[in-house]
Amino acid sequence: MRTRIGFASFEAYAAHAPGLSANVMLQARGTFGAQVSRVRGCGLLAVAAKTTLAHTARALTPAREVFAFCDAGPRSLVLNGVAYPHGTILWIPGGIEIHYRDPGEVRAWSLSFAREDFTTAVHALLGQEMTAAGDPMLLSPEPGILRGIMTALQLVMDGTTELRPPLVGAVLQGIVSSLPSGRPPEPTAVRRRNLAAGLVALADTSEGQPLALADICRALGVSLRTLNTSAQDVLGMNASRYLRRRRLHAVHRALREGLAASVTQAATEHGFFELGRFAADYRDVFGELPSATLHAWQTGWS
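In the numbering used here, the protein residues as written are 9 to 310.
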């Protein structure tokens, strides 16, 4: 389900925002405006909101695990006294009261997952039980992780692609990978080979479709760190890079054989949502842009 709503008054915006109490105050003068987009599906609720004027508010978070971040800009949002500038993620526990300050002209994102889904993903990817945060916790993900999450969600918000389980799994994986974790014992050489073989076998059965690393970890009974160590030793790259390379080859085959009407269709159907990075990686592997591959097939049949 996808919705996008615009507001011309602060009162209408405050009344619409779920969880906001009456303690909402504007902190600047001027003409108020707001745009709120929501996407719900596959256990994920994603919200993107941007207002024109600074304001403060109090809210009760839902009984879900919530993760908030914002677009690039000189000003940061502040929640319970914790500023989360662009490039960071704020983990907000469910069912607590929060106080936040929005400086205006900053698009704020929030993602929320059912607690059981998040707990399962943490156990599968980190090999440990989730320790629930009692207060908001600031996370510092790798830049590419947050950029990929925002790009994928924007494509969903725009209606370019649909919210499907592989995309939600990739978003959840990015969030979980930003959590602090312990270092599990190193596997033996034999076990590493077996785990790498298991990864390859799962990729073989996927027929180029995206695979969630959480599902692979569950199927093989290991943490993401152990899987990556094994893949790096045996395949020369971590699990995510290996799966990405396999999907690049699947896209190349689809374009070369005319199985897709456009580059965008071929890319998104195989789990590539950051199209600029996809095109660069494709050229690195195949020596040409994906559009050239498609054009060659179209020319051959014209």
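No wet-lab data here; the hints were simulated from the structure.
The C-beta atom is built at its ideal place from N, Cα and C for all residues, glycine as well.
Please note that a few of the clues may not be correct.
Derived CB-CB ranges, DEER-like [claimed, not checked]:
#1 Thr39 with Gly142: 18 to 26 Å
#2 Gly284 with Gln43: 48 to 56 Å
#3 Gly284 with Met245: 17 to 25 Å
#4 Gln43 with Gly295: 37 to 45 Å
#5 Gly95 with Leu243: 26 to 34 Å
#6 Met9 with Gly284: 25 to 33 Å
#7 Leu243 with Ala20: 49 to 57 Å
#8 Arg123 with Thr159: 22 to 30 Å
#9 Pro82 with Leu297: 48 to 56 Å
#10 Arg37 with Gly142: 22 to 30 Å
#11 Asp241 with Arg83: 23 to 31 Å
#12 Gln273 with Ala209: 44 to 52 Å
#13 Glu113 with Gly295: 54 to 62 Å
Mimicking SDA-like on lysine to any residue, the simulated pairs with C-alpha atoms at most 25 Å apart in a straight line are [as the list claims (entries may be wrong)]:
#14 Lys58 with Ala36
#15 Lys58 with Ala71
#16 Lys58 with Asn88
#17 Lys58 with Met9
#18 Lys58 with Thr213
#19 Lys58 with Gln136
#20 Lys58 with Arg46
#21 Lys58 with Ile13
#22 Lys58 with Glu137
#23 Lys58 with Thr39
#24 Lys58 with Glu124
#25 Lys58 with Thr11
#26 Lys58 with Phe15
#27 Lys58 with Thr127
#28 Lys58 with Phe18
#29 Lys58 with Leu210
#30 Lys58 with Ser84
#31 Lys58 with Val198
#32 Lys58 with Gly135
#33 Lys58 with Gly103
#34 Lys58 with Ser17
#35 Lys58 with Val208
#36 Lys58 with Gly206
#37 Lys58 with Arg83
#38 Lys58 with Leu147
#39 Lys58 with Ala16
#40 Lys58 with Thr128
With 49 to 57 Å as the target window, see if leucine 243 and alanine 20 comply at their CB atoms. 54 Å, holds
Is it true that the C-beta distance of proline 82 to leucine 297 lies inside 48 to 56 Å, as the hint says? 35 Å, violated
Are lysine 58 and glutamine 136 close enough, with their CA atoms no more than 25 Å apart? 36 Å, violated
Check the hint pairing lysine 58 with valine 198 against an upper bound of 25 Å on the C-alpha distance. 52 Å, violated
Pair hint lysine 58 and alanine 36, alpha-carbon separation not exceeding 25 Å: The given pair, whose Cα atoms are some 15 Å apart, holds under the 25 Å limit.
With the threshold set at 25 Å, check whether the alpha-carbon distance from lysine 58 to glycine 206 stays at or below it. Given that 25 Å is the threshold and the Cα spacing comes to 44 Å, the pair is violated.
Cβ separation of aspartate 241 and arginine 83, checked against the hinted range 23 to 31 Å: Violated, since aspartate 241 and arginine 83 (Cβ atoms, about 45 Å apart) do not stay within the stated range.
Below or equal to 25 Å on CA atoms is what counts here, so check lysine 58 against threonine 11. Cα-Cα ~15 Å, so holds.
Can the restraint linking lysine 58 and glycine 103 be considered satisfied, given a maximum Cα separation of 25 Å? 24 Å, holds
Hey, lysine 58 versus asparagine 88, does the alpha-carbon distance stay inside 25 Å? With a Cα-Cα distance of about 20 Å, the restraint between lysine 58 and asparagine 88 holds, given a limit of 25 Å.
Would you check the hint for lysine 58 and phenylalanine 18, treating anything up to 25 Å between C-alpha atoms as holding? Holds: lysine 58 and phenylalanine 18 sit about 12 Å apart, inside 25 Å.
Take a quick look at whether lysine 58 and glutamate 137 sit within 25 Å of each other, Cα to Cα. 35 Å, violated
Hint compliance for this structure: hints 1, 2, 9, 10, 11, 12, 13, 18, 19, 22, 24, 27, 29, 31, 32, 35, 36, 40 are broken, all remaining hints hold.
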